[in-house]
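Q: So the chains spell out like this:
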Amino acid sequence: AQSVSQHNHHVILSEAASLELGCNYSYGGTVNLFWYVQYPGQHLQLLLKYFSGDPLVKGIKGFEAEFIKSKFSFNLRKPSVQWSDTAEYFCAVGYNKLIFGAGTRLAVHP
Amino acid sequence: DAGVTQSPTHLIKTRGQQVTLRCSPISGHKSVSWYQQVLGQGPQFIFQYYEKEERGRGNFPDRFSARQFPNYSSELNVNALLLGDSALYLCASSPSPPADNTEAFFGQGTRLTVV
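From first to last, the protein sequence lines are chains A and B. FYI, the numbering for the first sequence is 1042 to 1151, going by our numbering. FYI, the numbering for the second sequence is 126 to 240, going by our numbering.
Bound conformation, chain A alone (with noise of 0.2 Å):
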């Protein structure tokens, strides 16, 4: 069966640290990866997707993504957050529907 996994459900960092947040898919196809971020309040915002071709990809607001596809991964990567950066990650797989895994809440201290 299809499934996305997030490694980590809460990640508490301070102002400037480094981030990365893992996700695994099992998917037996061409896959379309994506990640998602939903700031408290707001609806769900597309940070970055990969469809095919360079395996890093950069997305909005200084966040940065890679496919490896012997992990069949797709961690998503910022060398320094900010306390805006507070919010629940998704990463999801799709091609005609999108996986999500169960996301990852984020906190960022000033």
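Rather than coming from a laboratory, the hints here were simulated on the basis of the structure. For clarity, every value in this text was computed on a predicted model and none was experimentally measured. Treat each hint with caution, since some may be false.
[As the list claims (entries may be wrong)] Short, incomplete list of chain B residues facing chain A, as computed with Cβ under 7 Å:
{"#": "1", "residue": "Gln166"}
{"#": "2", "residue": "Pro222"}
{"#": "3", "residue": "Phe231"}
{"#": "4", "residue": "Gln233"}
Where a beta carbon is used, it is the ideal one built from N, C-alpha and C, also for glycine.
Position chain B against the provided structure of chain A, taking the given hints into account.
A: Leaving out everything else, chain B in the frame of chain A:
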């Protein structure tokens, strides 16, 4: 530009009742998908429609149904509500057919509480 709009934003229903949720996609988008997000979990796919035809269905009981209208708006219907149907229901639209590489744009969701 208007994004994906959903109505109502909040809804309280009693067990056994029926509910209809509505979604208007971004102008020009012909594909609409519905997701259920239970507290503490990621969204789960329910339905996808493109050009008024069902293109995908998730693992949900027949109490869940949907349709898409000629103007590409969509309704999600849930019959015989159960307490476990309490969730945030998300609508997403995308510009391309489901087989294309494209991203989904999400609405704010409808928070359904079943009591």
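Q: Would you mind marking each hint as holding or not holding in the structure?
A: Going through the hints against the structure:
1. Gln166: holds, 6 Å
2. Pro222: violated, 10 Å
3. Phe231: Check passed: Cβ of Phe231/B comes within 4 Å of chain A, closer than 7 Å.
4. Gln233: holds, 5 Å
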